[in-house]
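Residue numbers (the working numbering), protein chains in the order written: chain C, 5 to 286; chain Y, 16 to 437.
No lab work stands behind these hints: they were computed from the structure.
There's no promise every hint is true.
[Said to hold, decoys possible] Partial pick of chain C residues on the chain Y-facing surface, computed with a CB cut under 8 Å:
no.	residue
1	P44
2	F134
3	K138
4	L140
5	L142
6	P225
7	T226
8	A238
9	Q241
Idealized CB from N, CA, C, for every residue including glycine.
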Amino acid sequence: MSSSTQKIILDILSYAILIFGAITMLFPFLWMLSVSFRIPAQQYSRSIIPDPITIQNYIDLWKNLPDHSFPYLVFNSFKISTLTAAGQLITCAMAAFAFAIVNFKGRNLLFSLLLATMMIPSQVSLIPNFIIFKYLHLIGTQWPLILPAFWGGAFGTFLLRQYFLTIPRDLVDAARIDGASLFGIFWKIYLPLSKPALAALTIFVFKDAWNDLLHPLIYLPTDMHQTTLTVGLAFFQQQLQMGGKFTVLMAGAFLSILPLLFIFFIAQKQFIEGIALSGVKR
Amino acid sequence: MKKNLFVLVIASMLLAACGGTKPATTQAKSEITFMMWGAPEEQTVWQAVVDDFHIANPNITVKVEVSDWDSYWTKLNTLIAGGTPPDVFAMDAPLYLDWQSRGALLDLQPYIDATPGFLDGIYPQTLSAYKVGNDYYGLPRDFQTIVLFYNKGMFDKAGVAYPSENWTYADLLTAAKTLTQDTNGDGKIEQYGLWTDTWDMELFWSEAIWANGGDIINNDHTKTLIGEGGARDAWSYIDSLYKEGVMPKPSTAGEYGGDLFQSGNAAMTTIGHWAVPGYVQSGIKFGVAPMPTGPAGRATSVNSAGFVVSKDSKNPDAAFEFIKFALSITGQKRLAELGFAIPVLKSVAESDSYLKQPGDLDQKVFLDSLAFAHMKPVFKGYEEWAGVVGDGLTPIWDGEAELNATLDEVIASADEVLTKNK
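For reference, chain C alone in the conformation it holds in the complex:
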């Protein structure tokens, strides 16, 4: 057997495995999409192509949520997720830069302390946080969901610091010789070169904030004009347990992942560009 036929067989094999994996991962989404276009009588049907195809579920979703609140829910989720992502990007990038580049006393100790906070499950700090926000009189507003993002985060700082460390130190020295300030180095060299890591962090943070059910549930009133999409859909799910329509819930679930897909595609472009532009030989 020649090496080129060997390569073809290997390619076919790896593609087969990848395609199988892709189908397995995509099937639940495909099923969700399919159910959202079915008539309720066929919600349990096993065929993937709906017959007849209906958009009634999307109309029902609009009508059944109290006060036509779907746009409010989407807006609130979008607002909170965007601000959270922005807050994390700013504070984590600055902290990561300090930990990676700047030499100061106690740096390693501080960094270990920061990492140690990752060991604490968020449920432990849930109630203390709640009590803090109670004393700040912010319960019932969206601030408890947004503000913590501006206080940095261990995961984002760690991720970006590791990435910053891979950027050659020579660039810092060169910039120093050219008279760049520390902030200039951060802003003009490190941030542009770290687009892939920043894009990855954006996806992580936005996704987490978008999917978060616990915190909006606890801090926001269950009023459908003030809460987020996750809380709204969970509430809607109760209707299902009481014998509501699965098809409508799937319509809601499908609409709720659209913004995530959108963010992912934008960030993915940056991701590739970032790699192409960095142009540093290792």
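Starting from the known structure of chain C, arrange chain Y on it as the hints suggest.
Same frame as chain C, now just chain Y:
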């Protein structure tokens, strides 16, 4: 679930830490929060109840907060642990004692004493679950009895007579055998004779045990009785339902994505009134009959949802006013119109508001079942106990474990839970 448990532990620790209550009564304008679980339709109805209440009590403003079941308990635990409990909140009877014993609930007895005749019109069977010693720390708002639902179309097609009041558990099995069909001849069953849940006791197994002369738990909640006397007969009956294939195994039932009766894959089910709106919506033609009789007579289960007031409520007077209103004829009528549950106020349940709901369903069956209903047991540690029993027995129904030996093991672990919660 783990997460919930954790919050619960924290909540109870904090509850224990902050003991005393501040008595605060105001005649001026007061605002209270009412939190409950439910579907969007229920929110609409409760908002209507609250609007009526505002007209009758212009000095009190009630804020309604409705969440789905899981979110409700998470939120409630955090609010209480954080020291900002809702004034009035909904309570499920089986969980009531856990909450009461942690000292989270206000003793309503002084208020009840000050309102002579308040409880007179309420079904006593529904009240008993909320009585601790001589006091009520909560009151029921609606109740559920379990009855037998049947799909009329499937019975007609198979030429089987509809279930009657004279049905025995043996009749149920015979009919279920005829109704279990492979309708399109592909070797797989499309239509099961019966589908019900055998994880929790409420829908089927407690009824079967009582009808066979057995019981669930002893009076002082120290011993699990599900392996004694007639109870074993009930279990072997349930085992035969699975073995004969007239009821899908729990693992098979999952493939249908939930309620097989609603999806048109089962000819009968046993469930409460809460399922009615959904069944009507999915367009199946169905009827209801009382649960079948067993060797020890007929039995069903009754369970209720209720109201409690937080011990730390700043406006306990206003909170009680609201409960009083919700249990009045006006409030209970609204509840009846909602169609999910049965009002606890006798005069409303026996009036047209409940009995003459749209559709031709015999609503009286649910009411009449009270006559032979047993209270779904309420005891400390209920949730853990139910988990041990439900999870422990499932392998039997899936055909992976032998009935009697497994049952003995499960009972031993269930008794350990009881000892722990003494």
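Now for the hints, and whether the structure bears them out:
1. For the restraint placing C:P44 at the interface with chain Y, the shortest Cβ-Cβ distance is roughly 7 Å, inside the 8 Å limit, so the hint holds.
2. For C:F134, the interface hint holds, the least distance from its beta-carbon to any beta-carbon of chain Y being 4 Å, beneath 8 Å.
3. The interface hint given for C:K138 is met, as the beta carbon of that residue sits about 6 Å from the closest beta carbon of chain Y, less than 8 Å.
4. Here the hint on C:L140 is broken, as its CB sits about 12 Å from the closest CB of chain Y, past 8 Å.
5. Residue-level restraint check for C:L142 is violated (minimum Cβ-Cβ distance to chain Y is 12 Å; threshold 8 Å).
6. Annotation: C:P225 was flagged as interfacial toward chain Y, and the flag holds, the nearest CB pair being 7 Å apart, inside 8 Å.
7. Evaluation of the C:T226 hint against chain Y yields a held restraint, the C-beta minimum of about 5 Å falling below 8 Å.
8. The restraint placing C:A238 at the interface with chain Y holds, with a minimum CB-CB distance near 5 Å, inside the 8 Å limit.
9. With a cut of 8 Å, the hint placing C:Q241 at the interface with chain Y holds, because the nearest CB-to-CB distance is about 6 Å.
When each numbered hint is compared with the structure, violations occur for hints 4 and 5.
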